[in-house]
Amino acid sequence: MKNVLGRDIPAEFLTAGREVFQGQYYRDGYTYTKHAPRVNAQVKPGKDKLLPDIEAVVRATGLQDGMTISFHHHLRDGDYIVNMVMKVIHELGIKDLTVCASSLGKAHDYLVPCIEDGTVTNISTSGIRDEIGEAVSAGKLKNPAIIRSHGGRARAIEDGTVKIDVAFIGAATSDPYGNASGKGGKADTGVLSYMAGDAQYADKVVIITDTLVSSPNFPASIEGVDVDYVVQVDAIGDPHKIATGALRLTSDTRELLMAKNAAKCMYYSGFFKDGFSFQTGAGGPSLATTIFLKEFMDQANVKCGWAMGGITEPIVDLFKAGYIHNLLDDQAFDLASVASAHTDPKHFEISASQYANPFNKGAFVNQLDFVILGALEVDVDFNVNVVQGSNGLLQGAPGGHPDTAAGATVTIIVAPLIRSRIATVRTAVTSVTTPGESIDIVVTDYGVAVNPKRTDLLAAFKDTNIPLKSIETLRDLAYEYAGEPKDIEFEDQVVALVEYRDGTFIDAIKKPKWLN
Amino acid sequence: MTPERLRRTMIFLNTQRAALVKDAFVYQPDCVIFDLEDAVAQREKDAARIQLYHTLKDLDYQGIERWVRINALDSDLFQEDIRAAVAGGAEGIRLPKTETAEDVQMVADLVDQAEVAFNRPVGTTMVMAALESPLAILNAYEIATSSPRLMGIALSAGDYTRTMHAKRTVKGLELFGARSQLLLAARAAGVMAFDTVYTDTDDPQGFIDEVKMIRDLGFDGKSCISPKQIGITHDIFTPDPKEVLHAQHVIQAVQANEAKGVGVLTVDGKMVDIAWVEGAKRTLKLAKAAGSYRGDLV
Numbered sequence: 001m002k003n004v005l006g007r008d009i010p011a012e013f014l015t016a017g018r019e020v021f022q023g024q025y026y027r028d029g030y031t032y033t034k035h036a037p038r039v040n041a042q043v044k045p046g047k048d049k050l051l052p053d054i055e056a057v058v059r060a061t062g063l064q065d066g067m068t069i070s071f072h073h074h075l076r077d078g079d080y081i082v083n084m085v086m087k088v089i090h091e092l093g094i095k096d097l098t099v100c101a102s103s104l105g106k107a108h109d110y111l112v113p114c115i116e117d118g119t120v121t122n123i124s125t126s127g128i129r130d131e132i133g134e135a136v137s138a139g140k141l142k143n144p145a146i147i148r149s150h151g152g153r154a155r156a157i158e159d160g161t162v163k164i165d166v167a168f169i170g171a172a173t174s175d176p177y178g179n180a181s182g183k184g185g186k187a188d189t190g191v192l193s194y195m196a197g198d199a200q201y202a203d204k205v206v207i208i209t210d211t212l213v214s215s216p217n218f219p220a221s222i223e224g225v226d227v228d229y230v231v232q233v234d235a236i237g238d239p240h241k242i243a244t245g246a247l248r249l250t251s252d253t254r255e256l257l258m259a260k261n262a263a264k265c266m267y268y269s270g271f272f273k274d275g276f277s278f279q280t281g282a283g284g285p286s287l288a289t290t291i292f293l294k295e296f297m298d299q300a301n302v303k304c305g306w307a308m309g310g311i312t313e314p315i316v317d318l319f320k321a322g323y324i325h326n327l328l329d330d331q332a333f334d335l336a337s338v339a340s341a342h343t344d345p346k347h348f349e350i351s352a353s354q355y356a357n358p359f360n361k362g363a364f365v366n367q368l369d370f371v372i373l374g375a376l377e378v379d380v381d382f383n384v385n386v387v388q389g390s391n392g393l394l395q396g397a398p399g400g401h402p403d404t405a406a407g408a409t410v411t412i413i414v415a416p417l418i419r420s421r422i423a424t425v426r427t428a429v430t431s432v433t434t435p436g437e438s439i440d441i442v443v444t445d446y447g448v449a450v451n452p453k454r455t456d457l458l459a460a461f462k463d464t465n466i467p468l469k470s471i472e473t474l475r476d477l478a479y480e481y482a483g484e485p486k487d488i489e490f491e492d493q494v495v496a497l498v499e500y501r502d503g504t505f506i507d508a509i510k511k512p513k514w515l516n
Numbered sequence: 001m002t003p004e005r006l007r008r009t010m011i012f013l014n015t016q017r018a019a020l021v022k023d024a025f026v027y028q029p030d031c032v033i034f035d036l037e038d039a040v041a042q043r044e045k046d047a048a049r050i051q052l053y054h055t056l057k058d059l060d061y062q063g064i065e066r067w068v069r070i071n072a073l074d075s076d077l078f079q080e081d082i083r084a085a086v087a088g089g090a091e092g093i094r095l096p097k098t099e100t101a102e103d104v105q106m107v108a109d110l111v112d113q114a115e116v117a118f119n120r121p122v123g124t125t126m127v128m129a130a131l132e133s134p135l136a137i138l139n140a141y142e143i144a145t146s147s148p149r150l151m152g153i154a155l156s157a158g159d160y161t162r163t164m165h166a167k168r169t170v171k172g173l174e175l176f177g178a179r180s181q182l183l184l185a186a187r188a189a190g191v192m193a194f195d196t197v198y199t200d201t202d203d204p205q206g207f208i209d210e211v212k213m214i215r216d217l218g219f220d221g222k223s224c225i226s227p228k229q230i231g232i233t234h235d236i237f238t239p240d241p242k243e244v245l246h247a248q249h250v251i252q253a254v255q256a257n258e259a260k261g262v263g264v265l266t267v268d269g270k271m272v273d274i275a276w277v278e279g280a281k282r283t284l285k286l287a288k289a290a291g292s293y294r295g296d297l298v
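Residue numbers (the UniProt record's numbering), protein chains in the order written: chain B, 1 to 516; chain G, 1 to 298.
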């Protein structure tokens, strides 16, 4: 069945109330009953939650074939937790598991043999790349992977689309009763935002830490009242790969050029007012936008009320210099942001649900004035793909892309027109992650396109030196240089479903033929 | 007469590098200089020339003026360089190591022939002379008046400091003589004047100081070697809002009083006369190019 964007979702996936995507605000006012976990009451005092090792904890949770387990990605490329837990599960011979991760990357390659032998038969994640991306693209996972945004995952957990049996939560520090935090310890992640929902909605909650501290470990990101077991291991992650040192600000003139134009779009948009809110990513041009923001904030004599999202050092610097009044942090991208989280009273940890869940009573994304996002591909209808490479391989992550894009007043995409001889702006994206109706501006190195429905922005930019072009002109230019991309040939097998943040399916990704 | 326009920045591009020349217009310089000389390895000269022709012919540089730095006259390459540049439709040819008026005239003659050979409108290809030696500086006025094709003269400091036995410094004291002499010659001849490149691309403050200095001296623009230098140069050459306002007042006041036969008047508390109009117009043109003036006085 075709969705509103013309993307075909095979009927076999439209069961149990599942629908195709019908527009970004289709489920506004939707009424539902929240999922509730099964809880083992711990009435009797003196019971020890501490177990000696991962195997003991897996056994204690009663994990069985067909269950759902969850993980977070705050430890990023330095994560030891997923592989550590999966090895034990694999050896125990438990099969047919669903892995519900906030994101997966190169630290989680042990999932590949688990996929191949049926230990893992379902995956839901934001990020899907590297070896896992290749394995899933090749159709090795028994069922299609579900690609979820950060807000979509929080929603799926709360509305019961996903029922987590056991949440395995790596935490930088924990006390023996499970009051756990991303702060301190040997593998400091600053925050544990993506596990807030898991801790409250999973039937069993396990804290894995390498730094046990005395009680109470407050402020706690995960509260001991939600935790069944605690296990101490030698190391939960490689601190060098968790948070990079200073993320270098780009010196690439082309990225700076795009960043400046993105900042200019904010400045001239009509929404650049004292107390404004914004989010940028950690990619080169997004990060560089913050440099120019400072200039424009001085020029307009305005300050930012709050900045949100993955927090980075340039954002922390602006915050410390008084340009940003509050930081709302759902993940810390570098050492400076890890250090600042919780340390500064105005640097707040927020949960994934507070950040971006479309089904709560109003997430912070709804209050964003600006968001600056990247794209692997953008099409002439402004649809964006951040999940699938132009060769058909799964190699990206929606993250908060569809969430912030739907919420922000002005959504700006920054992407080079051509990447390694591949056109970024094209007639149709390989698959849709974020619908064009959410995208307002596309900034490329060759010019800036404004979504024609944003007549207010077009009027605001009219007498400025922003190099405006139509999206079709950008597409034509890209094709002039790089040639029109040939369509990739796909098998019929669906290897991943891209779930929009409201639970509808925005696209179905098939196995590329060349992977045969 | 060569076409009048702003030429605040001229960025050198290594013509050998396809990735670079394919779209350098995105950096919005006023002019680009496709380099066939020093940037191109000896054995790549032919390949670069072919690439130059296709770049000129096939890519839309969106109104940015395209110059070609040909190989020096002591090589056996410059004749073919000129033919490729003219055949491709370059707006101008930059002649390196120009020493005398005859050098320019020889190039102008070859450009004449190439324009005829490739059906280009005769007389439209401009020439710019780079002065790189003490002799060239002493001959600056003769060079600047050598040909109607000559759009401007440019200082090239590398060879100049070497032959002067001078040391290249950040402050540029060693170039004051050459800069001043070159400017005098250019202004006397009515052609444009361009300053040499600033080679330390990691020293933005040094670059800023130098551009401010050459702007104050009276140069029309700066040769650049990095896209980073373009925005900075344009910003420095952009008049501040007060200057723009004053320039508008000068032009409006002079125009309003022209009919009355009043030659000298007071604008914003300062005495001005008709001679101020040219400077005021230059200010407004620079402001217009930077987008800070949108009126129709220029």
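Any given hint could turn out to be false.
Said to hold, decoys possible - Cross-link-like lysine-lysine pairs, in silico, DSS-like; alpha carbons within 30 Å at most:
#1 G/LYS281 <-> B/LYS294
#2 G/LYS212 <-> B/LYS273
#3 G/LYS270 <-> G/LYS281
#4 B/LYS294 <-> G/LYS270
#5 G/LYS260 <-> G/LYS212
#6 B/LYS2 <-> B/LYS87
#7 B/LYS513 <-> G/LYS45
#8 B/LYS140 <-> B/LYS511
#9 G/LYS270 <-> B/LYS469
#10 B/LYS294 <-> G/LYS288
#11 G/LYS285 <-> B/LYS469
#12 B/LYS264 <-> G/LYS285
#13 G/LYS167 <-> B/LYS260
#14 B/LYS142 <-> B/LYS106
#15 B/LYS47 <-> G/LYS288
#16 G/LYS212 <-> B/LYS469
#17 G/LYS270 <-> B/LYS264
#18 B/LYS264 <-> G/LYS57
#19 G/LYS270 <-> B/LYS462
#20 B/LYS260 <-> G/LYS22
Stated by the list, open to error - Here are some of the chain B residues that sit facing chain G, going by a computed Cβ distance under 8 Å:
#21 THR253
#22 ARG254
#23 TYR268
#24 LEU468
#25 GLU472
#26 THR473
#27 TYR479
#28 GLU484
Treat the hints as calculated values from the structure; they're not laboratory data.
For every residue, glycine included, the Cβ atom is placed at its ideal position computed from N, Cα and C.
Now for the hints, and whether the structure bears them out:
no.: 1; hint: G/LYS281 <-> B/LYS294; in the structure: violated, 33 Å
no.: 2; hint: G/LYS212 <-> B/LYS273; in the structure: violated, 33 Å
no.: 3; hint: G/LYS270 <-> G/LYS281; in the structure: holds, 17 Å
no.: 4; hint: B/LYS294 <-> G/LYS270; in the structure: violated, 37 Å
no.: 5; hint: G/LYS260 <-> G/LYS212; in the structure: violated, 39 Å
no.: 6; hint: B/LYS2 <-> B/LYS87; in the structure: violated, 40 Å
no.: 7; hint: B/LYS513 <-> G/LYS45; in the structure: violated, 44 Å
no.: 8; hint: B/LYS140 <-> B/LYS511; in the structure: holds, 10 Å
no.: 9; hint: G/LYS270 <-> B/LYS469; in the structure: violated, 44 Å
no.: 10; hint: B/LYS294 <-> G/LYS288; in the structure: holds, 25 Å
no.: 11; hint: G/LYS285 <-> B/LYS469; in the structure: holds, 25 Å
no.: 12; hint: B/LYS264 <-> G/LYS285; in the structure: holds, 23 Å
no.: 13; hint: G/LYS167 <-> B/LYS260; in the structure: violated, 37 Å
no.: 14; hint: B/LYS142 <-> B/LYS106; in the structure: holds, 21 Å
no.: 15; hint: B/LYS47 <-> G/LYS288; in the structure: violated, 78 Å
no.: 16; hint: G/LYS212 <-> B/LYS469; in the structure: violated, 33 Å
no.: 17; hint: G/LYS270 <-> B/LYS264; in the structure: violated, 36 Å
no.: 18; hint: B/LYS264 <-> G/LYS57; in the structure: violated, 33 Å
no.: 19; hint: G/LYS270 <-> B/LYS462; in the structure: violated, 36 Å
no.: 20; hint: B/LYS260 <-> G/LYS22; in the structure: holds, 22 Å
no.: 21; hint: THR253; in the structure: holds, 4 Å
no.: 22; hint: ARG254; in the structure: holds, 7 Å
no.: 23; hint: TYR268; in the structure: violated, 12 Å
no.: 24; hint: LEU468; in the structure: violated, 13 Å
no.: 25; hint: GLU472; in the structure: violated, 16 Å
no.: 26; hint: THR473; in the structure: violated, 12 Å
no.: 27; hint: TYR479; in the structure: violated, 14 Å
no.: 28; hint: GLU484; in the structure: violated, 17 Å
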